[in-house]
Amino acid sequence: MADVPIKVGIVVFPGSNCELDCKRAFGNLGAEPIMLWHRDTDLQGVDIVVLPGGFAHGDYLRTGALARFSPIMTAVQEFAAAGGFVIGICNGFQILCEAGMLPGALRKNAGLKFLCKWVELRVDNSATAFTSHATEGDVLRIPINHFEGNWYADEATLSSMKANDQIVLRYVDNPNGSLDDVAGVVNEDGNVFGMMPHPERATEALLGSEDGAVILGSLLDRVRENRTALV
Amino acid sequence: MNYTAEVKVMLKDGIADPQGQTIERALPALGYTGVTGVRVGKQIHLSVEADSSEDAARRVSEMCEKLLANTVIESFQVEIDG
Chain G
1 MADVPIKVGI VVFPGSNCEL DCKRAFGNLG AEPIMLWHRD TDLQGVDIVV
51 LPGGFAHGDY LRTGALARFS PIMTAVQEFA AAGGFVIGIC NGFQILCEAG
101 MLPGALRKNA GLKFLCKWVE LRVDNSATAF TSHATEGDVL RIPINHFEGN
151 WYADEATLSS MKANDQIVLR YVDNPNGSLD DVAGVVNEDG NVFGMMPHPE
201 RATEALLGSE DGAVILGSLL DRVRENRTAL V
Chain E
1001 MNYTAEVKVM LKDGIADPQG QTIERALPAL GYTGVTGVRV GKQIHLSVEA
1051 DSSEDAARRV SEMCEKLLAN TVIESFQVEI DG
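Going down the list, the protein sequences come from chains G and E.
The numbering used here numbers the first residue of the first sequence as 1 and each following residue consecutively.
The numbering used here numbers the first residue of the second sequence as 1001 and each following residue consecutively.
Derived by calculation from the structure, the hints in this document are not laboratory data.
The structure presented is a predicted model; accordingly, all values stated were derived computationally and were not measured.
Any given hint could turn out to be false.
Here are the simulated DSS-like pairs of lysine-lysine, each with C-alpha atoms no more than 27 Å apart in a straight line [stated by the list, open to error]: (1) E/K1012 <-> G/K113; (2) E/K1008 <-> G/K162; (3) G/K7 <-> G/K23; (4) G/K113 <-> E/K1042.
Same shape as in the complex, but just chain G (with noise of 0.2 Å):
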């Protein structure tokens, strides 16, 4: 079972743009990369969901709104439901959150602008299946590409997920307004994990980092080990 590799699942809307380098990302790492339509009502018995990056259905309305309304969300709330790992990435954040399946929102970047660059993200919470690779502290570098990143919970909300250590990644020099300087966020069960920044486009050395495997290649081996807890 071991050696079987690590199905990921990633959810293709009309719209999305970076679903091919997550598929090359996670193809690198050694899994097996599905592609799954956003029509789509089976998950083939993937172990991870990749929600990538890009403009799902236009986002006319507001970011990742419609998107949380396509068939294959349904199935994707389900298997979360059911302790699955959920990754979304920029677009993807902001469909988990439009979905109600992650805290908060994503407004406007304070600046109006959209943002194309590399930031410096700093690990605050290394005990998740996202981050175990890194040590509380460090300093990823991985660059972000969106003109909604300015991320937003009430008071309330917020404290409550400080609380629990949800907020898994913030920025060091805030590029968007973001509340709390938050970049990643996990759920409260920490099998669903949202982030702006793109850790796929930052898995080979050619690209000018390689930081991004840490969140992928940590997704990966929380995956790995559950399957050798349970043989």
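Use these hints to put chain E onto chain G, whose structure you have.
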């Protein structure tokens, strides 16, 4: 019967509105001083079939909760005409 609905979606009070702030900063340059509290929102017009105006208001409010607004950051108002 057909009812016309006007939906106003605004960022909730207390949530920073960078669009409103930009406009507020721009107005003095045109000579309009003393302008404060600029907020930018969305207005959505729609026509909806319903049994009564109460029914129309209920249906449109439901649409707001589910899709037209993100109630984590936005508030909405529904007005039914006819």
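Hint check results:
1. E/K1012 <-> G/K113: Given pair E/K1012, G/K113 holds - Cα atoms ~22 Å apart, limit 27 Å.
2. E/K1008 <-> G/K162: With Cα atoms ~33 Å apart, E/K1008 and G/K162 exceed 27 Å; violated.
3. G/K7 <-> G/K23: holds, 11 Å
4. G/K113 <-> E/K1042: holds, 20 Å
Comparing the model with each numbered hint stated earlier shows that hint 2 is the single one that does not hold.
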